[in-house]
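Residue numbers (this note's numbering), protein chains in the order written: chain Y, 1 to 165; chain D, 1 to 217.
Check the hints yourself; a few may be wrong.
[As the list claims (entries may be wrong)] With the C-beta cut set under 10 Å, the calculated list includes, among others, these residues of chain D facing chain Y:
1) A9
2) Y17
3) C18
4) V24
5) F61
The set of hints was computed from the structure by calculation and includes no laboratory data. Quick caveat, the model's predicted, so the values are computed rather than measured. Note that CB positions come from ideal geometry on N, CA and C, so glycine has one too.
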Amino acid sequence: MKMRMQQLIRMLFPQPGPALERRLHKRAVQYWRNALGDREMVALADFDPLAIEDDSSHGFLLNLGMPIEPVFSYIGPVLEQEAGVHGDQVRLAAVPQHSLLRRFASHYLRVLESGQPETAEYDFVTSAGYHVLCRGALLPLSADGVTVDHVYGVVSWKSEKVAVC
Amino acid sequence: MIICPTCRAPSEPKARYCSGCYTVFFANSPTGTRRLEATTNETRTWKAPVLFAIAFLGIWFLQIDASEIDAEPGSYRASAGHAKRSVFDWVAESTGFSPASTNEVSEGLPAWFLDNDRQLPCARGGFCDVVIRFDSGDSAAFLIERPNDGGARIIAVDSRGPALLNKSTRAQLLVDEERGAARSISITRRDGRWSIVDAVQEPAGARAGRPGGKDGV
Chain Y
1 MKMRMQQLIR MLFPQPGPAL ERRLHKRAVQ YWRNALGDRE MVALADFDPL AIEDDSSHGF
61 LLNLGMPIEP VFSYIGPVLE QEAGVHGDQV RLAAVPQHSL LRRFASHYLR VLESGQPETA
121 EYDFVTSAGY HVLCRGALLP LSADGVTVDH VYGVVSWKSE KVAVC
Chain D
1 MIICPTCRAP SEPKARYCSG CYTVFFANSP TGTRRLEATT NETRTWKAPV LFAIAFLGIW
61 FLQIDASEID AEPGSYRASA GHAKRSVFDW VAESTGFSPA STNEVSEGLP AWFLDNDRQL
121 PCARGGFCDV VIRFDSGDSA AFLIERPNDG GARIIAVDSR GPALLNKSTR AQLLVDEERG
181 AARSISITRR DGRWSIVDAV QEPAGARAGR PGGKDGV
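Using the sequences provided together with the hints, build the complete structure.
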């Protein structure tokens with residue numbers, strides 16, 4: 001509720017300084033840092049993915065209860081379709097390797113090591129001749145407040161037609 | 001079937017993005033699609049200036065004195081006051097409610113307070129018939145009640161009376177005296193209350209024969 005009010009105020013009265021962050025991965029990292037405050041970890045219960053993106057369609061939540069075999073507790077519908085996976089509790093290993101979901105979620109080990117948000121980029125060209133530039137952020141979360149046992153990630157991209165020579 | 005607006009490639013009806021150009025589809029948007037990260041803050045920058053303009057106009061409207069009676073006709077104050085009164089009258093007619101339409105009800109008829117009633121020739125404890133002629137040229141019959149305790153009241157006995165009293169701010173109250181002459185008393189309305197503002201004028205017939213007057217020379 002407080003976050004919604006802040007968003008409404010920012011929308012009605014845009015500050016002359018830094019504008020509202022448009023990039024999804026930057027917003028995610030900003031939100032995580034605001035939620036961290038003076039604490040050691042961001043609690044999973046306090047984390048609101050809707051504060052980053054209205055419908056969490058580009059987000060995913062990776063459960064690292066068993067680090068050897070992480071499982072997705074949630075996959076946003078856009079990433080779900082892009083990866084071609086469906087259902088609940090999808091194993092990371094079951095996600096196609098070429099999918100954006102697999103590519104970005106695989107960086108979870110960096111998050112486990114550093115305990116800090118990690119960002120990544122990836123680009124490719126589609127068969128239709130569009131250059132897609134992807135950016136993602138992975139945020140460490142903790143259910144027990146001690147160890148990083150969840151990672152929330154967001155992936156966004158922009159595309160442009162490749163100039164035909 | 002969804003046709004991607006970017007690359008015109010067809011997609012499944014439930015597709016969330018275009019596999020050709022990776023444009024993301026949103027069902028809630030007017031066109032059904034939008035490019036990711038295409039939104040900017042430019043479309044939102046008009047809201048603050050509009051809110052400021054509305055607040056400024058609202059404060060300007062509130063500070064206009066609608067009961068201004070000393071304004072020179074044609075001046076800004078007179079025009080602004082007239083405009084504000086017109087807005088109030090329009091709102092009252094539209095809603096059928098005017099909180100300042102009457103001060104109270106007397107004898108079952110709408111009544112308005114009349115302040116500074118010492119100059120009224122009407123006896124206390126009774127009523128007297130008057131005619132009020134308004135600056136607009138309209139006139140109507142009223143009753144003036146002067147109770148033993150409390151101030152005088154103007155009671156509308158004519159159906160046009162309430163509207164005339166509510167719209168006008170200046171009028172002449174004509175009272176018939178016992179000698180047959182009519183006394184004219186100026187009254188004005190300020191802050192919803194009528195009040196006598198001038199001394200009772202001498203009737204025109206009393207000036208005849210007075211030393212210094214034309215007829216006395």
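Now for the hints, and whether the structure bears them out:
1. A9: holds (7 Å)
2. Y17: holds (6 Å)
3. C18: holds (8 Å)
4. V24: holds (6 Å)
5. F61: violated (22 Å)
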